[in-house]
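Student: Chains as they are written, first to last, in our numbering: chain B, 2 to 443; chain U, 87 to 422.
Be careful, since some hints might not be right.
[Stated by the list, open to error] Selected chain U positions facing chain B (Cβ under 7 Å, derived; list incomplete): (1) Val197; (2) Ala202; (3) Gly212; (4) Phe339; (5) Tyr396; (6) Leu409; (7) Leu410; (8) Pro413.
Please keep in mind that the hints were generated in silico from the structure rather than gathered at the bench. Where is the CB? At the ideal position from N, CA and C, for every residue including glycine.
For reference, the chains in residue letters:
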Amino acid sequence: MSDAATAPRTSSSKTFLLFTLVAVLFIGTGFVQSWNTALTIFNMGLISAIMALGVNMQWGYAGLFNVGVMGFVALGGLAAVLVSSDPVPEAWAAGGPRIMLGLYLGAMTILAAILTYTKLPTGRLRAIAVLVVLIGGYAIYRTVIDPGVEAVESVDPASTGFLGGLGLPVIFAWPVGGLLAAGAAWIIGKTALGLRSDYLAIATLGIAEIIIAVLKNEDWLARGVKNVTGIPRPVPYEVDLQASEGFQGFAANIGADLTTASTITVKLAYAGLFIVVLVALVWLSEKAWNSPWGRMMCAIRDNEVSASAMGKDVKARHLQIFILGSAVCGMAGAMMTTLDSQLVPGTYQPLRFTFLIWVMVIVGGSGNNWGAVLGGFLIWWLWVQVEPMGLMLMQGITYFMEPGSPLSDHLLDSAAHMRLLTMGLILLLVLRFSPRGLIPER
Amino acid sequence: MDVLNAFVALANFVIIPATAYGAQLALGALGVTLIYGILRFSNFAHGDTMAFGTMITIFGTWGLQAAGVSFGPLPTALIALPLGIAVTAALMIGTDRIVYRFYRENKAKPVIFVIASLGVMFIMNGIVRFLIGVDDQRFADGERFIIRARDFREMTGLDEGLAFRTTQGITIVVALIAVIALFWFLNRTRTGKSMRAFSDNEDLALLSGINPDRVVLVTWIIVAALATTAGVLYGLDKSFKPFTYFQLLLPIFASAIVGGLGNPLGAILGGFLIAFSEVGVTYAFRKVVGYFGPEDWQPEGLLQLLSTDYKFAVSFGILLIVLLFKPTGIMKGKSV
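Isolated chain B (complex conformation) (with noise of 0.2 Å):
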């Protein structure tokens, strides 16, 4: 991956032309389809950037395969829920401090069996004596809480139902969102790292939709498969912009339909926001591969036995940068909840969010984060139009055919599946043919 003697010193210029390719492309879809569309894909390109950035600094520069990474995405939603919405203060009554109780307890446990398991000489009475531990403080756990999440659940279930949040700016969410998914990764990391690198597949496929079936089954945390929506903004809304006399006589000015005025506004002051964050990771990131760091990293994943024969501790930073990745993906998937202002824990589909995300980082050039970055917004639009691009081709194969037979309305139907399939094809081509992607590492 890092022959420098290979890489190509015009490899600037190949960038430039390929960033501004992507821009024409977003450009070309304001021009043909309309500028709302435009923006609505650049903004959730943004997000999926960051993300291809969190599975770059794992894959690209150690080497780690995560296919979890729709469950830190999940998990940044959550955060998004639990800082801004507005506390639900009868659900608190009803059965907060039952809920609390009982998670304290559940880590008590936890904690309790880690301790008996170290603490214990090795033999029959250690197994039994964590068994007891666990057991004894799973039927307490379930005793405390299950009345409490009941009481809470119960609490005007049709709009609330859950103890609600913190009600703190949006915005907040954003770290957030990144040290939960942090938690979990090291969770995750203490496990199955320093194991055969399938086994950190797996344990990610894993705790992944482990972390989806936690969102849409405890009701008091996120409301479930009920949904939150109406989460708080960190822009403006439409109607308020409208309603406004100095955005009036702005959209006036330019001469602008209010409505579409006022819809892109918010969308460019989203994209505005996504864009420091963007800025500031990629600079992060940029800083940290050129630093003594980035070269031990690089040096790590090249060569892990000669890296930890120089002493460095090979298990501990790949742990480091595991938790890294993932907390800049839980970061993302915040943005993406305020972005779309509700979390819908039923569309989080693996295909989606952690394999398409894949996608990106490989087409767009592993261990490079310009490369993933483009990537991101390369992918992410063929994602979004392939689908219109499917269906015109579907409609010209069935032009001829005599329209509604089974066939072609069939045929019409399943043009939504074209998307796997093209995924997949370039997936496959860009392995196959320029494996170190369209920008590769320098």
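Chain U: place on chain B using the hints.
Tutor: Below, chain U without anything else, positioned relative to chain B:
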């Protein structure tokens, strides 16, 4: 009598379903473990391979049903199964030629194979959704039950009924036949032995004149057969839905790893371990325990350790425990 009733309830809700599910997982895990042992990578496309094979079998079933062919009391899908296997095997061999062979010849790192399998997963997922759609398909026909709950009650005079569905019986029988055939093949035939040799030590195997292309070819055919069978049995037992098959990847991988990646016996053991834990932990034991107490006494809670939605957590929990304490799996992750 109460003890008997409790046992029947347990058999009805835990033992029989878990055995069937375990057999399905074991077949799936055998495929994963064979690929790992011989081609040396974790195949993420395995769930979608199962879905593809099942889809072809469903098409065959529909064709047969339209032609008026039936298998008497058994599901028609069993007649269509060889077709599903053949088409899936062709697809696997084609995929290997187009995708994996290149990396094998270049001696690429295992993780590159895994990423390539992600690409294959996308494409196969797309093909399946494209051809059959994303909805639930039920394709089991023929006799539904071997033993009906009511007949069982009348026969034995117990309060609890025991239902034994045809699909569960077929699952167990077919899985047994498949496993016996696989082990006979691996241990008794020349090709099977060369596969084991290849898996144990590639260099030595090559040195002793084993044709690697042949080994790889046979592996893919066996994997296609195992995956299709596992998929069809799961679909008959429950229902066919592409996304569910994709999600089966986790319990299947967990089974293979828990048993020891690359070890076929371990894969079978792991499959049953995961299945029994999953069903056992998510089952509400209230009824079973109720029979042991005094008259009319039933515990207040459901005595369900986890809600059924957390079944992933079970496979995952077992996986974590095994990874922490015995990373090579229960049966030592020795090769085939």
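Student: Take the hints in turn and mark each one as holding or not.
Tutor: Checked hints:
For Val197/U, the shortest C-beta to C-beta distance to chain B is roughly 6 Å, which falls under 7 Å, so the interface hint holds. Checking Ala202/U against chain B by beta carbon gives a least distance of about 6 Å; that is within 7 Å, so the hint holds. Interface hint status for Gly212/U: upheld, as the beta-carbon distance to the closest one in chain B is roughly 3 Å, under 7 Å. For Phe339/U, the shortest C-beta to C-beta distance to chain B is roughly 5 Å, which falls under 7 Å, so the interface hint holds.
The restraint placing Tyr396/U at the interface with chain B holds, with a minimum CB-CB distance near 6 Å, inside the 7 Å limit. Here the hint on Leu409/U is kept, as its CB sits about 6 Å from the closest CB of chain B, short of 7 Å. The beta carbon of Leu410/U comes within 6 Å of a beta carbon in chain B, closer than 7 Å, and the hint placing it at the interface holds. For Pro413/U, the shortest C-beta to C-beta distance to chain B is roughly 5 Å, which falls under 7 Å, so the interface hint holds.
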